[in-house]
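One letter stands for each residue in the lines below.
There are 2 protein chains.
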Amino acid sequence: MKKYNFIKKQLSKTNKKNDENYVVSRIWHLLNNPDVKMITQQYIVRDVETKTYALADIYFPQINMIIEIDEPYHLTEEMVLSDSMRQHDIVQAIECEVIRIKVINDLQEMNERIDSVVLHIRQRFETMDYKVWDVEQEYNPMTYVHRGYLDATEHIAFKTVKDCCNCFGAGYKGLQGSGAKHKFQEAIDIKALKFYPNASWDNELNADEQFFTEYHTDSEFNTAYMKKRLYELRQEIALFAHVRSEFGGFEYVFKGWYKVNQKRTLELGKVCYERVSTIMPTYFEGNQEPFEKVAKAIYNHREIAFFYDEEELHRFLEKYKKAEITYEFI
Amino acid sequence: MKKYNFIKKQLSKTNKKNDENYVVSRIWHLLNNPDVKMITQQYIVRDVETKTYALADIYFPQINMIIEIDEPYHLTEEMVLSDSMRQHDIVQAIECEVIRIKVINDLQEMNERIDSVVLHIRQRFETMDYKVWDVEQEYNPMTYVHRGYLDATEHIAFKTVKDCCNCFGAGYKGLQGSGAKHKFQEAIDIKALKFYPNASWDNELNADEQFFTEYHTDSEFNTAYMKKRLYELRQEIALFAHVRSEFGGFEYVFKGWYKVNQKRTLELGKVCYERVSTIMPTYFEGNQEPFEKVAKAIYNHREIAFFYDEEELHRFLEKYKKAEITYEFI
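Protein sequences appear in the order of chains V and B. FYI, the numbering for the first sequence is 1 to 330, going by full-length UniProt numbering. FYI, the numbering for the second sequence is 1 to 330, going by full-length UniProt numbering.
Treat the hints with care, as some may be off.
Because identical chains share one entry, a pair is satisfied inside a single copy or across any pair of copies.
What the hints assert, rightly or not - The calculated SDA-like cross-link candidates involving lysine to any residue, where the alpha carbons are at most 25 Å apart (straight line), are: (1) 181 - 276; (2) 3 - 71; (3) 322 - 197; (4) 17 - 30; (5) 296 - 219; (6) 159 - 107; (7) 296 - 47.
Don't read these hints as lab results, they were simulated from the structure.
In isolation and in its complexed conformation, chain V is listed as follows (with noise of 0.2 Å):
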């Protein structure tokens, strides 16, 4: 996997729409930054009420900004959810920062249009404290175990149910299936679901993400596998989506700590989750610990984050200060 084949089919997606290539790839090359990382046709939530979505112009991960290109007489649509799209990966934009390039008729007005933009992307860059993109490390686990978390509103994926069991120390060289238990939390199995119609599942994972749903065709077997959820199996989850990658082939993108919601389970007739958090701790291989961890994260009485150095933790506390986060230091 390489960067330039990711960039090359961001500018691509746009193809069909002259506009868009001609602002997406003038962004993209006036930036001119390989630590950059740049999503194009990103699907986000609009409205998690109503269920609708859009796709998004231009999406910076790193900086949680959105760029929409407005092109005369086209206004951004907005869709309902489709069974296409939740093969997708989709966004929490909620607290994305949103730009808009108006289309202008005119070679030199837009350029300048264009690059008043770039102007202000670069300025974030800057100013904030972001991870420099990189391919091959954002798609290893132990990225993740040496940091001591996985955070779901940084859209981490994973290439195999493998690499995401690895995240919490199974030490896995292969495996077949779409999860496995936690070899170090006996409440937790690790799960990688799709959530478009397959097979005889129909999961569904709610807009805000909140929430999702296990659902048998079968309806017997729904039942089996609820009560079987209810009273047998473990009560949380540590969950991947199966969405396609921006690369070709599907990859799983981290999506939280979801516990099971009884109550919601028997009004909906199956399986119901909730989540408990969007932070998860991760585990060395045999939860033997290289590094002396320097602190904890508890939220809502679970330990969210290990921290085994300052940097790490001063980035995670200045992006969540605003949370109810308490602090163990050791």
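Assemble the complex: chain V is given as a structure, and chain B must be docked to it using the hints.
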């Protein structure tokens, strides 16, 4: 017609080829010069003898430079002239500078390769006395009337047959049909022809544009027209070809000054013309020159260009220093 429309169409033509789109957009945005005209996917002559053509990835007409993007496992296709290609303008790129960019699957290396080409292009523009790209002026016959000549190597295009005629001082406000008589040169007709099968005509412009033929598919009509052209009509032609425009629709591109070749006409059984000059003099309306001429250029005993200012004369002398053109200074 706006530069922005033109350029975004140029970028979008590469839309199915992601490498091309990346390279073309990077070159355009980093050159960052709205005075530069850039054409993508330009048909160029590869071999006059075999009538083979290729699509140049990028063509800079002002500096006569072609950029070829070499994708891995993908050689530039050569094609034999097809009817659909005959609707496009074909560039005689024989003396073009050709620069190749090899695609490599690495973002930083790709950027470096493209950036060094951008530097080279920019140097060419800095050291050459090129005409600033001005879309309005480019399509205005008065631009060429004031300058004193049309030059087929410059791919000069007009929107209407009326504009073609007005290069020669016709002063038309409107015009039906595909040409008119030259008002000040009794031997010359102005003709705008389709070089692809249309109605009952199947005219052909040969690969190096040295010859063209007019052929009517009704053989009786063809013979009658041939006789008329050989023995009654004017023997010389200011030729414009009807080609697809980069703005959409069609336009008329100046191809040169031609003369009936009687021998070849009789051999082929269709009217055949041979080019006598790529350059033709323009005329003010009513042949009333508002400025005094400073010089005339003469090629093969024909006046091919008039000059009304020293600067234009200097540019011409520089461009044609190797040609057997004589000058008469006034």
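Hint-by-hint comparison with the structure:
{"no.": "1", "hint": "181 - 276", "verdict": "within (18 Å within a copy, 85 Å between copies)"}
{"no.": "2", "hint": "3 - 71", "verdict": "between (29 Å within a copy, 17 Å between copies)"}
{"no.": "3", "hint": "322 - 197", "verdict": "neither (38 Å within a copy, 72 Å between copies)"}
{"no.": "4", "hint": "17 - 30", "verdict": "both (20 Å within a copy, 21 Å between copies)"}
{"no.": "5", "hint": "296 - 219", "verdict": "neither (43 Å within a copy, 93 Å between copies)"}
{"no.": "6", "hint": "159 - 107", "verdict": "between (42 Å within a copy, 21 Å between copies)"}
{"no.": "7", "hint": "296 - 47", "verdict": "neither (34 Å within a copy, 72 Å between copies)"}
The earlier numbered hints that this structure contradicts are 3, 5, 7.
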